[in-house]
Amino acid sequence: MAVLLSSNLFLILLVSALDWLPTPASAFLIDWDRTTSSATLGPHFTDCISRDQETFRCWWSPGSLQNLSSPGALRVFYLKKDSPTSEWKECPEYIHENRECFFDANHTSVWIPYCVQLRGHNVTYFNEDDCFTVENIVRPDPPVSLNWTLLNISPSGLNYDVLVSWKPPPSADVGVGWMRIEYEIQYRERNATNWEALEKQPHTQQTIYGLQIGKEYEVHIRSRMQAFVKFGEFSDSIFIEVTEISSKDSTVPFTLVLIFGVVGVLIVIMLIVISQQQRIMMILLPPVPAPKIKGIDSELLKKGKLEELNFILNGGGVDGLPAYATDFYQEEPWVEFIEVDEEDAEGGDKEDNYNSDTQRLIGLPHRNVEGFRAISHPDDDSGRASCYDTDLPEHLASLLPGQPEDNKTCLDAPATEMGEKPLIQTQIGGPQTWINTDLYAQVSNVMPSGGVVLSPGQQPKIQENTSGSERETQKGGKQNEDVEGIKEQKRNEPQFQLFVLVPEGSGYTAENNTQQTSTPPSTSVPGVGYQTIQPQPMETKPAATGDTNESPYILPEPSQSQLFTPVADYTVVQELDTHRSLLLNPPPSQSPSLCQPQHPLKVPMPVGYVTPDLLGNLAP
Amino acid sequence: MSAHIRPVSPLLVVLIYLALCSRLSSMRAASSCTNGQTGCHFLSLANLFDRVIQHSARMHGISNDLHSEFELYFLPSKNQIGRVSRNCHTSTILTPNGKENAQRIAREELTEVILKLLVAWREPLWHFHQNMAQHHEFNNFSSNKSLEMSDMVHELRRGVQKVVEKMQMLGVISSSLGNLASPEALLASDRAEWRLMNDYDLLYCFRRDSNKIQNYLKILKCRIVPEHGC
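Residue numbers (full-length UniProt numbering), protein chains in the order written: chain E, 1 to 620; chain C, 1 to 230.
I should point out that these hints are in silico values taken from the structure, not numbers from a laboratory. All residues carry an ideal CB built from backbone N, CA and C; glycine is no exception. Mixed in with the good hints there might be a few duds.
To be verified - Heads up, incomplete: computed chain C residues facing chain E, CB under 10 Å, no partners named:
hint	residue
1	H60
2	P96
3	N97
4	G98
5	N101
6	A102
7	Q103
8	A106
9	S174
10	Q214
11	L217
12	I219
Stated by the list, open to error - List of simulated lysine to any residue pairs, SDA-like, C-alpha gap at most 20 Å:
hint	chain 1	residue 1	chain 2	residue 2
13	E	K200	C	E100
14	E	K167	E	E184
15	E	K80	C	I62
16	E	K200	C	N97
17	E	K80	C	N97
18	E	K89	E	G120
19	E	K200	C	I62
Produce the complete structure using the sequences and hints provided.
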């Protein structure tokens with residue numbers, strides 16, 4: 001493959017080199033003939049040229065022999081091989097001044113070989129190389145009427161293009177089609193030595209590209225026959241020069257400077273904007289201030305913490321409350337319902353007096369019964385009455401079976417009163433023999449072991465206030481248990497129940513009284529639930545009182561012979577029996593009198609609180 | 001799919017119709033104009049002539065290249081013209097050897113000469129190419145040129161025949177060129193002469209004849225349709 005390529009290239013080079021190599025038909029132009037010493041050379045022909053392919057001329061030289069230089073000493077003979085019987089003929093026209101033989105059109109035949117020879121007196125000087133055909137010795141005359149026109153100038157103003165045009169040589173009969181000429185333009189700078197040659201083409205005009213302004217150029221043309229190798233003479237040179245045109249110079253650089261300046265300014269502005277992005281954004285789009293409420297962490301305002309926020313807003317986080325107070329009361333939400341309201345102590349508004357949280361929670365229609373009243377003082381620790389959201393009572397109401405009323409939006413704090421009408425009345429009279437259980441109970445004291453001593457509620461209701469948010473998680477199980485407990489108690493006699501809070505985590509445990517089934521409902525939910533402690537001897541007491549409903553609590557005034565004894569909000573735990581139940585009344589071994597509980601061991605204590613010194617008496 | 005084709009199909013039809021119309025009009029302009037427009041005819045004849053002339057020029061160039069190459073390879077730089085009285089097999093064909101002769105001759109004769117020359121060279125060039133292909137001294141470069149040359153002669157003959165038909169249709173020349181249809185009759189006289197020539201002489205003769213053909217065609221064109229570029 002490489003050998004083929006190299007041979008191809010070699011052949012190409014050879015063919016291209018044929019342009020300057022003399023053809024065998026033009027023996028007169030073989031350079032080596034001339035380079036050899038012409039001194040020893042005899043008479044010979046120097047050249048034969050045809051200009052128009054209709055006539056041709058031949059020139060000879062006598063050579064080194066001087067004696068033949070005189071005109072007439074040598075004669076030219078030619079042979080025209082147009083027939084096998086052709087003969088040598090003498091030159092038809094001599095021009096001795098030039099040692100030239102001219103063959104006119106009558107004696108010129110194209111495509112027919114000619115041979116010329118010189119003859120002396122008796123000597124014939126003939127060279128075989130001096131044979132030719134006319135078409136091979138044609139050298140056309142150069143074109144005439146050469147001129148140029150400026151085509152355009154480059155935008156930079158440094159270069160320009162020129163169109164050069166000319167006319168074919170008059171001697172060449174191009175119009176008849178007898179000669180087909182192609183032209184070659186060459187140009188150079190004025191003081192240069194090498195000519196630039198453009199491509200040969202047969203048209204009578206050509207464009208020169210890329211000339212430089214301010215320089216002078218020299219241009220000339222020569223012509224030759226198509227598909228032949230011999231060129232004619234060069235034409236006379238013309239000179240091209242274009243001076244600078246300064247009309248556009250001022251505007252072009254100015255516009256360029258303007259454009260670059262604008263682009264640079266834009267780039268600088270963009271860099272500033274990018275680097276100062278933050279500050280710019282702050283100026284253009286100031287941030288919206290977040291909502292701030294005193295006492296509430298803005299974290300709670302975020303999504304997902306609505307319950308906590310509600311809790312805080314409704315109770316724990318009332319504006320103006322110190323933080324510790326909110327935390328304190330968060331754990332004991334039922335305290336919120338405690339309200340010291342002297343006006344309602346007498347029950348100014350019956351409804352208010354009668355309405356109790358418990359009742360509302362339970363849904364008792366009768367409002368005569370006073371709810372849970374807590375003896376409380378208008379101390380600051382007690383929570384103000386606040387309205388829970390509708391979620392809370394509804395939530396509880398839904399859990400309570402047979403909630404007749406559920407449109408309680410607020411739970412008023414029960415008025416503090418002692419000896420109000422118990423709920424027993426409603427229990428007896430009402431068709432709904434709901435067993436009222438206190439949802440709330442007052443903690444009388446806190447035991448050193450951690451347990452909480454509760455004061456007796458007004459109704460033997462197992463239900464305990466579960467409005468605390470933290471108990472809501474346990475509410476499910478607790479409520480179920482409570483429901484069960486309630487149902488059980490409903491079937492049974494109202495029992496005395498006591499709530500014991502065991503803060504170890506067991507939650508509330510409810511123990512039913514002995515009348516109930518032994519299985520505490522707390523087992524349904526492990527560790528959760530209420531445990532009611534039912535002192536056993538209590539059952540005798542109610543029997544003695546003749547109440548069908550047992551009052552879970554010992555009434556401080558035994559003289560009350562009403563059917564509904566005012567339920568004390570608190571009671572005093574007298575002792576603990578072996579079953580680890582709190583005995584609020586000493587076992588009336590003598591007689592189930594409705595008298596004041598006489599504890600042999602205990603001194604009558606004021607109902608209410610158990611002072612710490614009395615705690616020792618409570619030891620089982 | 002069909003919903004897309006529906007609005008497109010009339011558009012396609014219109015486009016195709018336009019393309020066909022343009023093509024037909026161009027073809028009409030190129031080859032067969034209406035009878036009433038003589039200028040259209042001559043324009044197409046001039047175009048035909050131009051193509052043929054360009055073809056002949058290229059053929060002559062190739063023949064010149066081959067001849068020079070042959071000389072470099074096989075012959076010293078000596079003029080072989082006078083050595084052998086070269087008698088080309090086409091020498092029997094009478095051809096005008098000068099400008100006046102070529103102008104004086106009738107168009108029909110000139111056309112006939114051209115065709116005779118073209119016919120005479122078809123077979124010798126084909127054999128020449130066969131010989132060239134067998135000779136391994138020449139590489140593919142020359143072999144391709146010889147093949148191209150033989151093909152060109154064939155194509156040029158067909159082109160000139162078309163020009164003649166066109167001229168006869170236009171009435172430029174008479175229809176007396178009946179013998180052109182039978183090229184075998186032209187070759188009957190010099191059937192075996194070209195076999196006696198060697199390759200170099202063959203190339204030399206063809207180079208001369210291709211120049212003749214080129215010249216005659218140009219002269220013919222400038223005689224018949226001179227206004228279209230002479």
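Checked hints:
{"no.": "1", "hint": "H60", "in the structure": "holds (5 Å)"}
{"no.": "2", "hint": "P96", "in the structure": "holds (9 Å)"}
{"no.": "3", "hint": "N97", "in the structure": "holds (4 Å)"}
{"no.": "4", "hint": "G98", "in the structure": "holds (6 Å)"}
{"no.": "5", "hint": "N101", "in the structure": "holds (9 Å)"}
{"no.": "6", "hint": "A102", "in the structure": "holds (8 Å)"}
{"no.": "7", "hint": "Q103", "in the structure": "holds (7 Å)"}
{"no.": "8", "hint": "A106", "in the structure": "violated (16 Å)"}
{"no.": "9", "hint": "S174", "in the structure": "violated (22 Å)"}
{"no.": "10", "hint": "Q214", "in the structure": "holds (7 Å)"}
{"no.": "11", "hint": "L217", "in the structure": "holds (8 Å)"}
{"no.": "12", "hint": "I219", "in the structure": "holds (5 Å)"}
{"no.": "13", "hint": "E/K200 x C/E100", "in the structure": "violated (29 Å)"}
{"no.": "14", "hint": "E/K167 x E/E184", "in the structure": "holds (13 Å)"}
{"no.": "15", "hint": "E/K80 x C/I62", "in the structure": "violated (27 Å)"}
{"no.": "16", "hint": "E/K200 x C/N97", "in the structure": "violated (28 Å)"}
{"no.": "17", "hint": "E/K80 x C/N97", "in the structure": "holds (12 Å)"}
{"no.": "18", "hint": "E/K89 x E/G120", "in the structure": "holds (14 Å)"}
{"no.": "19", "hint": "E/K200 x C/I62", "in the structure": "holds (17 Å)"}
Hint compliance for this structure: hints 8, 9, 13, 15, 16 are broken, all remaining hints hold.
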